[in-house]
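Participant: Heads up: the sequence lines are chains U and X, in that order. Numbering-wise, our numbering puts 1460 at position 432 of the first sequence, and it's gapless, one number per residue. Numbering-wise, our numbering puts 320 at position 338 of the second sequence, and it's gapless, one number per residue.
Be careful, since some hints might not be right.
With a Cα cut of at most 30 angstroms, we get these calculated DSSO-like pairs of lysine-lysine [what the hints assert, rightly or not]:
id, chain 1, residue 1, chain 2, residue 2
1, X, 268, U, 1230
2, U, 1211, X, 446
3, U, 1254, X, 366
4, U, 1280, U, 1344
5, U, 1230, X, 586
6, X, 98, X, 408
7, U, 1463, X, 366
8, X, 10, U, 1230
9, U, 1463, X, 586
10, U, 1463, U, 1442
11, U, 1251, X, 366
12, X, 366, U, 1230
Which bits of chain X does chain U cover? Going by a derived footprint, with three or more residues having C-beta under 8 angstroms, they are [unchecked claim]:
id, segment
13, 59 to 71
14, 116 to 130
Everything labelled a hint here was simulated from the structure, so no lab data went into it. Bear in mind that the values here come from a model prediction, so they are computed numbers and not experimental data. Ideal placement from N, C-alpha and C gives every residue a C-beta, glycine not left out.
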Amino acid sequence: MTPIPISRRNFLRASGVCLALPWLEVFAGAAPASNTLKRAVFVFVPNGVNMWQFHPAKTGRDYELTPSLKPFASVRDRLTVLSGLQHFKVKGGHEEWAHMLTGNVNSEVANKHTAVRPNTISIDQHIAEATGKQTRWPSLVVGADGGRMTGSFNRQGEPVLADFDLKNIFDELVGADPHGRLKHRASVLDLVSEQAADLRGKLGTGDERKLDEYLESVRAVEKRVKADLAFKETPKAAADEKRLTLNADPYKGDQQDDYVDTMFELIYLALQTDSTRVVTFTSTRSEGGGPLKSLGGDWHGQGHNTNDKVETAEPKAFGVLSAYDTWWHERLARFLERLSAAKEGGADLLRNTAVFFGRGMSWPAFHRSDNLPLLLAGGEGLGFVQGRHLAFNSQAPVIAVEGKAPPVNKDFGKNPACVSDLLRTIAERMGVEAKGFGESRRTLDELLA
Amino acid sequence: MTRQKLLFVALVAMAPMSVRAADPPGEKPAPVPGAAFVQRYCLSCHSAEKKRGDLDLSGFRDEATVVAGRKVWSNAIRAVRDGEMPPKGAPQPTADAREAFAEAVRGAFLRADAGKPRDPGRVTIRRLNRTEYNNTVRDLCHIEFEPADNFPADEPSHGFDNQGDALSLSPLLMERYLDAAEVVVARALAGKPAKPAERVGFAQFMVSGSKVPYRLYVFTSEPVAATFRIAADGEYLVRVEGKPVKKDDPAPEVSVIVDGKELKRVTFAFPEKGAYTRYEIPVALKQGNRRVSLRLLNPPAELEEKKAAYPPQVDANRDNRPGLELHAIDLVGPTDDEPESRRRILACDPKAQPREQAREILTRFADRAFRRPATAEEVDRYLKLYDRSLEAGQNFEAAIGTSLQAILVSPNFLFRVELDDRPQEKGSHPISEYQLASRLSYFLWSSMPDEALLPLAAKGELSKNLDAQVTRMLADDRSDALVENFAPQWLDIRDLARVTRGPQLDVRLRESMARETLLFCDEVLRKDRPITDFLDGRYTFLNERLARHYGLAQFGRDKRTAAPVPAHAFVRVELPADGPRAGVLTHASVLTMTSNPDRTSPVKRGTWILENVLASPTPPPPADVPPLEQAAAGTVKEPVTVRGRLELHRSKPGCAACHAKIDPLGFALERFDVLGQYRDKDGKAPVDDAAELSNGQKFQGTDGLRKVLLGKKDQFTKCLTEKMLTYALGRGLGDHDGPTVDAIVAAVAKDNYRFQRLIFEVVRSSPFTMRRGTKETPK
């Protein structure tokens, strides 16, 4: 979740933000209406899609729900389908997860299964730098692979390690102190304050001042630890345990539904309790083994097998892709429904939360990364207008050319747009300046009107 | 020559005598040094009535008062020597007269300092800054790990981030310390080796990963090799895999060589099953880069004869030539699964009772963490915490871990506490040997004293062996910290990572710029070059990107081997003697940092030189100064260049006093643009890099500037001395440090301005080795 396993409870204060007490209910009286919470969720799913069934033919409001997008029927008005976006210079390929949120053009692929180097900061961390102080966790970074397989990178370009352990995320969320560290910390603090008091008498005036700083800091931390210990004892409003399968193993075919559903539920809880404003879920890697890949068919390999042909020429390969697409879209739609059902002030949670759903490839056979299948949902409170299909860069509808996938669009028109522009727009709608982020040259004002 | 000269020579010659005569009480006090000079050239303005520049020299009646007002008079001799004073239009003394005056005043200082114990000043207890914390944890716990990277930034003061007064501690930082202590202890006691061997260099045929790509065919005795980096000493396995090309070929005999020494000879028979025959050969290795190579001992004679025609070949061997088909060269390990950190921290008498074992472990760790022997009372406290942890249900190791955490957040670890070991002594006296060890190691290494320093301190033999220790420590890799931490802060280029100058200044260029300066400073230190190299060294370090940036075409091939230099590698480049670049002043890093985003700033560059080269910082501009653009607007004919606008600005009387000093220095660098690239035009107008100092001395361009600065060698030496002393002591300098600085400057000058001399002198100086008596009242 955070780069070093810092105790996130440190951010949990005696003010008593506890689980299932949404932010606005606590502060509703005090907060001015304009001061609505702004949040962003970035979900990344690897590999390409069945491109014959993803992008609608028509743009604008009355686009038709393609077979891939059917699961979104109930939240159709809350989401925008995006055509024609890509990175400008960033290369495609197996490390798409490491470029997706950085738009980093300098990167070289180091090695299979390691992060791209040197990388640049990802948009979620850029936002978190500005908003992080307001919440317990600056950002929540999760993924089924976890660790360095993450879309989040800090200012130094180092990966922000992703947490994969549902139980651990949940424990941190409710402040359960799973390793019982608080008590030990309390006794360590006891000891050092004794020591400092002894030392103080032996020092000169200037030094005493320094030591007083030390003692005050120790006392401040002691107070917090005590508050945390007390918080641990207080009965908390229970999370909806039915929705949480905390021991789900994403490597087991029959548990991967539970794993992703639980992860989305934890993300929902983190947002609802205002534990963080920024969440990144880098689901899994594209190539090779790993979690979330047991939907009957080798996801990555079958992508290659589509050979950019029409669907009828490779029915099996495209069938596998469609199965994965539908599976993910069902889960995402449910997450969006959950957010839209939660009330926050006069609106719902989704209205204050921009949800980016990104895929790293479009046509998977040769790992093309033009016309990426992207979705943006919610965030109307941030200014996004939803319920449409928008095509950028003069992107034409997907129509077979000589029995194969259409060629890469090279004519971007007058005002080209890229993924970095989209990410930057999200950041700036959250009130975080992001000019010059990644490859960005402009904001996507088309999304706002 | 003139009468004037004679007069001053006489004054200088007489001065010491009069002082010696003045020593017995009741005698007439020695006169103000250079009194006639002051009378003739200074007092008409700097009098009690006029008090020009807020300076009244009339109040100084004798030598003693001059010595007491050391700062004022140091500044006066500098202004007189620089020709800044007397101002233009006033009667001017000759150059010799100026020197004689300076000598007279300095002579007074030296006499006053002679034989007197110097006040070593006082250092506030210093908290470890982020760099020091990281390095100390590395050396204390034997782990490679940088926990301080998410600590809040350290506030710099006097130009450096290691100053006791400025290093504060907040609750946030305290929490980070607690978190870091948990993580550090967990890592240090972890059971699995932290870092396996890692391949860093490849035989030219090996592309990536730990295996030979596909296959490598070796036909001759030409060796193939791979280099590995090893983080810790230990037992490793050399793993080689191969077979003869065809079943009926003679089995290749191979010599396995590690770092030039044969480890073993092996024979690759054709495998009964599987793709190759594997050998794993155990070997004990020290940390560092290790080279593993293979030499074929029985190459087919007909191929060996024409060795050059049959180089090792990757992947395909279509002719099925006989030879060795190599599948892998690998170094695996360490095989002993107890990592060094754990072994060293937990080492104890296996036969002792657990509590005694705990005492042994905790005592050793606390001794090193506190950089002095821990008292029995201190250790008892940690033992009690250990007892309590056991009672709370922790096992032996976890309980030890909790106490180790407590040590890592103790004020005795986080601060460099220098308690007076002779509080009864009234006057200044040497700091304790352990404190000296810490001062040394944090100065040169930004880390704790090592296994050589602490025993010396324990025996009380460190101060006797200071020079030898400094020599040893400078030769140690850890002294990179001195270059990495001192140089960028002295040269003010630490913020390079944060400046924006449009798309041209991307991450790589930025890093290359910073690296050039670091490598240059490193060279001056390692080769013990004169510090004047910083001003006029005609060499630098460039990679391909920076060479292009500088428009230097000769970059690209290694001089000796004529092999192409890889684009990212830095190489030493000799700069043309008639070129514009030499020394750090023309480094892109410095030139970029001293520019505005959209234009060069002769003011910033001039100020930079005054502060970082000449030790004569100017006061900040008054609050109501309009920006340059505005100051120039509304004039009849608006000048086009930055320089033109500045000249106009400078013509205003309120600005002239300082800017007459600042701007000329900056003008000379006008041939370098905002990113330090050479240019002939500023906008559309040709660059004018002619300049004139306030004393009327004319010079042009970087060459001229270099000559001016080299003419002020001692001034530069003083500047660098003050900076280094500030860094070494962790406190700003005061008047009482004047004698120390003067003495170091003299010693460095005498030793041909060699850089290491400066370091040795700083270490020997009284502020570095002494302390004020505890009872002494601070001045």
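Participant: Counting residues of the segment 116 to 130 of chain X whose CB is closer than 8 angstroms to a CB in chain U, do you get three or more?
Facilitator: With 1 residues close enough to chain U, the hint is violated.
Participant: Please work out if residue 268(X) and residue 1230(U) have their alpha carbons no farther apart than 30 angstroms.
Facilitator: violated (44 angstroms)
Participant: Taking 30 angstroms as the top limit, are the C-alpha atoms of residue 1251(U) and residue 366(X) close enough?
Facilitator: holds (23 angstroms)
Participant: Keeping to a limit of 30 angstroms between CA atoms, is the pair of residue 1280(U) and residue 1344(U) held or broken?
Facilitator: Given pair residue 1280(U), residue 1344(U) holds - Cα atoms ~23 angstroms apart, limit 30 angstroms.
Participant: Between the alpha carbons of residue 1254(U) and residue 366(X), is the straight-line distance 30 angstroms or under?
Facilitator: holds (22 angstroms)
Participant: Do three or more residues of the segment 59 to 71 of chain X come closer than 8 angstroms to chain U, measuring C-beta to C-beta?
Facilitator: violated (count 0)
Participant: CA of residue 10(X) to CA of residue 1230(U), is that 30 angstroms or under?
Facilitator: violated (45 angstroms)
Participant: Check the hint pairing residue 98(X) with residue 408(X) against an upper bound of 30 angstroms on the C-alpha distance.
Facilitator: holds (15 angstroms)
Participant: Holds or violated: residue 1463(U) and residue 366(X), Cα atoms, limit 30 angstroms.
Facilitator: Status violated; Cα separation ~56 angstroms.
Participant: Compare the distance between the alpha carbons of residue 1211(U) and residue 446(X) with 30 angstroms, and conclude whether the hinted pair is satisfied.
Facilitator: This hinted pair is violated, its Cα atoms lying about 48 angstroms apart.
Participant: Below or equal to 30 angstroms on CA atoms is what counts here, so check residue 1463(U) against residue 1442(U).
Facilitator: holds (20 angstroms)
Participant: Below or equal to 30 angstroms on CA atoms is what counts here, so check residue 366(X) against residue 1230(U).
Facilitator: holds (23 angstroms)
Hints 1, 2, 5, 7, 8, 13, 14 from the earlier list are contradicted by this structure; the remaining hints agree with it.
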